[in-house]
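*Asks:* Residue numbers (this note's numbering), protein chains in the order written: chain A, 1 to 458; chain B, 1001 to 1458; chain C, 2001 to 2458; chain D, 3001 to 3458.
Since no wrong hints were added, every one of them can be taken at face value.
Dumping the calculated DSS-like pairs for lysine-lysine here, alpha-carbon to alpha-carbon at most 30 Å:
#1 D:3190 with A:329
#2 A:295 with A:67
#3 D:3067 with A:212
#4 A:190 with D:3026
#5 B:1137 with C:2207
#6 D:3164 with A:207
#7 B:1219 with C:2079
#8 C:2212 with B:1075
I should point out that these hints are in silico values taken from the structure, not numbers from a laboratory.
Keep in mind that this is a model prediction, so the values were computed, not measured.
4 protein chains.
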Amino acid sequence: MTKGVKIVTIGGGSSYTPELMEGFIKRYDELPIREIWLVDIEAGKEKLEIVGAMAQRMWDASPYDVKIHLTLDRKEALKDADFVTTQFRVGLLNARVKDERIPFYYGMLGQETNGAGGMFKAFRTIPIILEIVEDMKKLCPDAWLVNFTNPSGMVTEAIIRYGKWDRVMGLCNVPVMATMTEPKALGVEKDDLIYKFAGLNHFHWHKVADTKGHDITYKVIDAMFDKDAGLPKNIYDIPFYREQLEQMGMIPCGYHRYYYREEEMLNHGLEEYNTVGTRAQQVKETEAELFELYKDPNLDHKPEQLQKRGGAYYSDAACETIAAIYGNKNTQIVVSTKNDGAVPDLPADCVVEVTAYVGAQGARNVAFGELPTAEKGWLQVMKAMELLTIEAAVTGDYGTALQAFTINPLIRSGETAKKIMDELFIAHKKHLPQFAETIARLEAEGVTVQDEIAKNLD
Amino acid sequence: MTKGVKIVTIGGGSSYTPELMEGFIKRYDELPIREIWLVDIEAGKEKLEIVGAMAQRMWDASPYDVKIHLTLDRKEALKDADFVTTQFRVGLLNARVKDERIPFYYGMLGQETNGAGGMFKAFRTIPIILEIVEDMKKLCPDAWLVNFTNPSGMVTEAIIRYGKWDRVMGLCNVPVMATMTEPKALGVEKDDLIYKFAGLNHFHWHKVADTKGHDITYKVIDAMFDKDAGLPKNIYDIPFYREQLEQMGMIPCGYHRYYYREEEMLNHGLEEYNTVGTRAQQVKETEAELFELYKDPNLDHKPEQLQKRGGAYYSDAACETIAAIYGNKNTQIVVSTKNDGAVPDLPADCVVEVTAYVGAQGARNVAFGELPTAEKGWLQVMKAMELLTIEAAVTGDYGTALQAFTINPLIRSGETAKKIMDELFIAHKKHLPQFAETIARLEAEGVTVQDEIAKNLD
Amino acid sequence: MTKGVKIVTIGGGSSYTPELMEGFIKRYDELPIREIWLVDIEAGKEKLEIVGAMAQRMWDASPYDVKIHLTLDRKEALKDADFVTTQFRVGLLNARVKDERIPFYYGMLGQETNGAGGMFKAFRTIPIILEIVEDMKKLCPDAWLVNFTNPSGMVTEAIIRYGKWDRVMGLCNVPVMATMTEPKALGVEKDDLIYKFAGLNHFHWHKVADTKGHDITYKVIDAMFDKDAGLPKNIYDIPFYREQLEQMGMIPCGYHRYYYREEEMLNHGLEEYNTVGTRAQQVKETEAELFELYKDPNLDHKPEQLQKRGGAYYSDAACETIAAIYGNKNTQIVVSTKNDGAVPDLPADCVVEVTAYVGAQGARNVAFGELPTAEKGWLQVMKAMELLTIEAAVTGDYGTALQAFTINPLIRSGETAKKIMDELFIAHKKHLPQFAETIARLEAEGVTVQDEIAKNLD
Amino acid sequence: MTKGVKIVTIGGGSSYTPELMEGFIKRYDELPIREIWLVDIEAGKEKLEIVGAMAQRMWDASPYDVKIHLTLDRKEALKDADFVTTQFRVGLLNARVKDERIPFYYGMLGQETNGAGGMFKAFRTIPIILEIVEDMKKLCPDAWLVNFTNPSGMVTEAIIRYGKWDRVMGLCNVPVMATMTEPKALGVEKDDLIYKFAGLNHFHWHKVADTKGHDITYKVIDAMFDKDAGLPKNIYDIPFYREQLEQMGMIPCGYHRYYYREEEMLNHGLEEYNTVGTRAQQVKETEAELFELYKDPNLDHKPEQLQKRGGAYYSDAACETIAAIYGNKNTQIVVSTKNDGAVPDLPADCVVEVTAYVGAQGARNVAFGELPTAEKGWLQVMKAMELLTIEAAVTGDYGTALQAFTINPLIRSGETAKKIMDELFIAHKKHLPQFAETIARLEAEGVTVQDEIAKNLD
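Same shape as in the complex, but just chain A (with noise of 0.2 Å):
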């Protein structure tokens, strides 16, 4: 019998893989890896030889002896695979662009996991995951999927809904962020709170208690209207209304301004595509730098300009998971993961994000009790949209699409988002096999990308 872990990383040529490495060596001695097989499709191997090389690197810096093997054969790397982790890009950072930059032409929120653009990412994501887990079935059906592409609840959705694939959690470091930076801004230490999350991806709240069990919810919010404590600062810094929160009793996540505050939002996601370019574009440029350093053959660790790449953590948040399961440590994770009832308001069967014990059988989700009336009204309807969301990916269905379309809080619905909707079609064709029949009568109807840079995008 073969000693040690298997870890294939789908997307493996993605500029987070250094981290990845590095939370891996990190816990090498309580996660004892054999060997990591990174996996890329053609169009990224150049860069998979790259990230692979300094992946190789950073291992042999280390104490530990494990080989790093690159392919563009995922079947020949998930072959007895423990885990599977998942941050590949279907059309890479180009389709990112067209998901933010085509709805921004009309004046709409463009958003990597958010309104229009989340949407067609889940489009393009969907098939592609269930042939992962089709693949998985026959070649590793013990082992472990850790999914950290976006939008990762709807992916972690469509796995469980339709891929019947129970062994996956859905990561994200939005968490991860506030736990480590609450308790900063009050000058404690993380050990001093208890926190409990429940909701969905990129749209779920949190409690605060001290370690005499006493909600302490109100604390963290007085010290987000005090400037010096400096919370919180990812996403676009628009402060929250606070009477909003106080009747809440709860802390949003950073993604639930677009919502509370869609103006604000807007306007600044317009006026970046107006100047600087769009969130996508800038990522860009910083990629192409981390891949300058990557090649740098005496690099053996990961650099310092990963952290500004924004998604920090999330690595770290998978290898945490994947250790937290291969030791049954009960770590206390946020994850995506079935509901089986933690989040009452909605259906035990759908997925949810929430504050769980995670070890050998998975996320155990704390119950969280229901929800006040405006966060259960929330969180039904976006996961009213998820699941027309998901159904549209799967089954190709305009009408589908349409109507996720029409219901999402930040889509206003009518004849522009329609022509955003079709233009997405357009161009994201190549990505979209189940739509082609939409694709082909939008394209016999003379649609066509109006954004200059979108369109000219391969």
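Got chain A sorted already, so can you dock chains B, C and D onto it with the hints?
*Replies:* Below, chains B, C and D alone, put in the same frame as chain A:
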């Protein structure tokens, strides 16, 4: 023991009263009325007298001996009433003008029952209706309350939830319109179609079947996209998206345009705001004309012009409902009523608008069964918005009002929304005693109404 | 195109058929029947011929020209049927004798629709009804199935859940009886009372209101404890406990005696078992007499004696239901039907028995609202028992059958219950092909029927 | 500010107290106790003094300086308590003897926490625990209440539902036993197994997984049917039916024998009743022996004989729970606690018994997910029985008590059940002030206790 039925109409000075009278006269044989009390407030005294005289003339021209009583003393009127109808408008049409113009000033939808305006109408109306209910508990505990004051669903919910009064039914003319126009469009008789409605007031869907029991909803959808069929003319006539209707397999109500074609409905409203004036301003003119007509001592029947006032069949629906309760007729009527499971996607104890068989016990709701994913999500978020609005109306809590505003799908959250909300508080100061503290704070902060017309209404 | 309605009655040789004919003759004006097909199996051929001739005589004596067809070929009969009624009894009355005597032999309740007997009736009946539904899908996909084969609720649930056939309604005469006897007991007319039923077949409660809409259930409770009122005579007449009825504020159905007065009902059954024979044995005699009567070539109307057979009004309810569907009459009938939320304490997709307005679309269930704590608990456990029984009937799984037995409130779990179950498997071997494996095992273990009479029935 | 933890034990004169002391001494390092107050009532004064002296000796023999206070004044003790444990028994063991013997006299199960006896224990206990909670609100509003007075689940539910006190946890030793014996039976260590429990107190099931995350519940089932494995010895050792366990895929708790093998458990109880005496009578002897031991001024540690008293590990579980809360340890403990969705088949606001991670905020319940059909039905009916019992305990309503009795699966409804209930009211008259009216009526009707032993206990 007295014989015959005593009807009390709160807001009796309304221009709708003649339609109500017509409805009662038409149904005298099954609903033998003894006396009718029209109640209004000091500010409406003149209108009350005009319409009261007109009403008496209508009865005098009928074969029936019914006495119209006019009073400003609600308690005097309510004593031993059998049925109480409510059609009052707190702040009269001027308040509605403010509800419409203040949001439009900032580029958002101003509308009587949807968006910001509908919420403030609830804030003004709910405290008054709860006072009426308290009076009824003492003065006519066996009476039925037939409400058609808007927002009719929220008002009904407030009556049941906070007023703890179950003998109430909320009415709306929208479903009546559908069941009158659709058979014509299909070239069949009304009795050839079987209807089932479910949802919330101004936010319901329906299905249609033929007398073989087969669903023919798709035929109505066909007719909606067939210009010659002439369906539906209520509200500004922007078409729904056909793919969306086919996906849901149901017919939305006219007000769904605000949600499914948000952009166009907003633009249309803004255009009216900037040109002919908002709907309330138009209605004011119609009303003035109507009252001129009503003054004519020779007029003893409902004039044709009332039809164009909007809200046709509203009063007729009320008369039909009263007759159905009185005669235990089991008439099919679409009403706002306690859910009791008819819409299983919403709590059993909230108010919904559904097809019911109305008789002596009130509404016997037809169980609709679970709705499709999108409609379920819509209902749940709208019910959350309603519950928050009602809670804010009762408690006067600013944070709760802000939460309601934020979750309302027709309000883009952020600074402008908050400005609109704050100005509306100032504009309606006289009618919002429960928010006195908030309004004092806003006044201290210097908030004032920006729209010149709204500002200068009493 | 053919004119008039085609009725098919499976189990047409039943002694009930004359009541069915009477019901159709009475309603011919609203339900113009063209032809009636009576279907039975080889073993029932003689009865079919007797009752078939009798049925034809009844029509011949009527003003209407309707042809009775007799056949053993179900498929021939089903072709183009408009309505199919099912009143068959797998294994005939001998099977019922076994269902009754085998439990009684061991001191437990033996009854047609409750306890062990009712479960085995479900095991025998459900596979056959699912075959009929498959035939209907091919031969008369537009037909309605009106079932009054017991256990009527479970059979209806199986048809919808496993047969995926929605055009079905389950009938029972128990609610009919209540609405006929209670008005008499109160000294009022039927139309003076408003009824609302909810629950499961043979396990429902109802509330009564007067035509002022006031609940007067307590008056019916009074009448039940007033000897002269003579309420209710169905089933062995042991009184309910008054305090219990007052606590629930509802009237249980007669079968609730098995659950609320378990001890007395068991003792009564045991006494009959030990003396006059069980109910089925009594019914066999009645039936023999009936068939003797039916042979009389001069008899052309339903004989009085049929009344005492039990199940009076059963067939009449079926005729009324068929007429209501055919004529889209919106008649109030209590039926077993898909819940759709009418009983919010049970899943929306299971079958319940409730007041419905029956028309062309089938049942439009009246939403009953949440039940009190005790009745909610009873319903939930009984539905679990039903679902397990149906699942066992379909899968033939022994463990599932055992779980159903164990949760059944009328079965005391343990060794004796298991013995009863095992003997019933042996006794009904011929009609339980799905349990062939289990039965073979039990035979190998030497299980045999102990009750001498049950053992010696074919 | 005072340092160290103040513990108050209501029912401090219990024979369990030495185990509690041992548990605290063992955990002194993590739970630094300052003082312990043992509270009892006048009738228990002698025992309190014996066990109090013994407790002080135990601490004196330890390295720690902890003072034991004895008092009959509950309020004095509760002042500023940190933790309150409740292990009192209203009416002492004599009341339990009555709970057991009166039902057995009539051939029904008499048992401490199940059936009629358990319900009357709830009737006696709940009013007292609610008084304690009222005291705590005033005297130690920050304290945690750790209850192990039976019926522990119902007592906890009453505290939360009617006492409106959330800082409570109900404990039971049954799950502890399972997690101690099953690993041994499988030949593995406790840490090799992952447990997940869900259900109600004395009515829960569990699943077991290995540290690969694979469900191995079936292996435990195997072990249960392997004589040598020696599983499980608690309660009278009648085996479950293997097919039933395999169908559910879960392990029932020992008390499920009362429901799954009702016949055998009843017969066993009747045999004891007729020979050696009921369990309470046996326990009385054990207790007498224990108190003799406790009197020994040289005894300063928990004697071996306490083990056979039953309820082993109960007090240890309490100490562990207190330490986990105090130290925010996130220890896995199975507790009775507010559901919050962990068992989605029951309302989110009721009390369930589930695996939880216990820390400063109390229980963080692990969401179990939906249960299979049979177990769902069982839970729902048992929760209905619990809620009715608690309601009757609070309101003193006879009809509600009768409904609770009727729905209890271990009580055969009817005349005998009513006799048992009525006699229990008479027998416990002194401790059921809320039922004074009922008891007066029963006395007037001449109801007396039939069992000679029960009748003659004070």
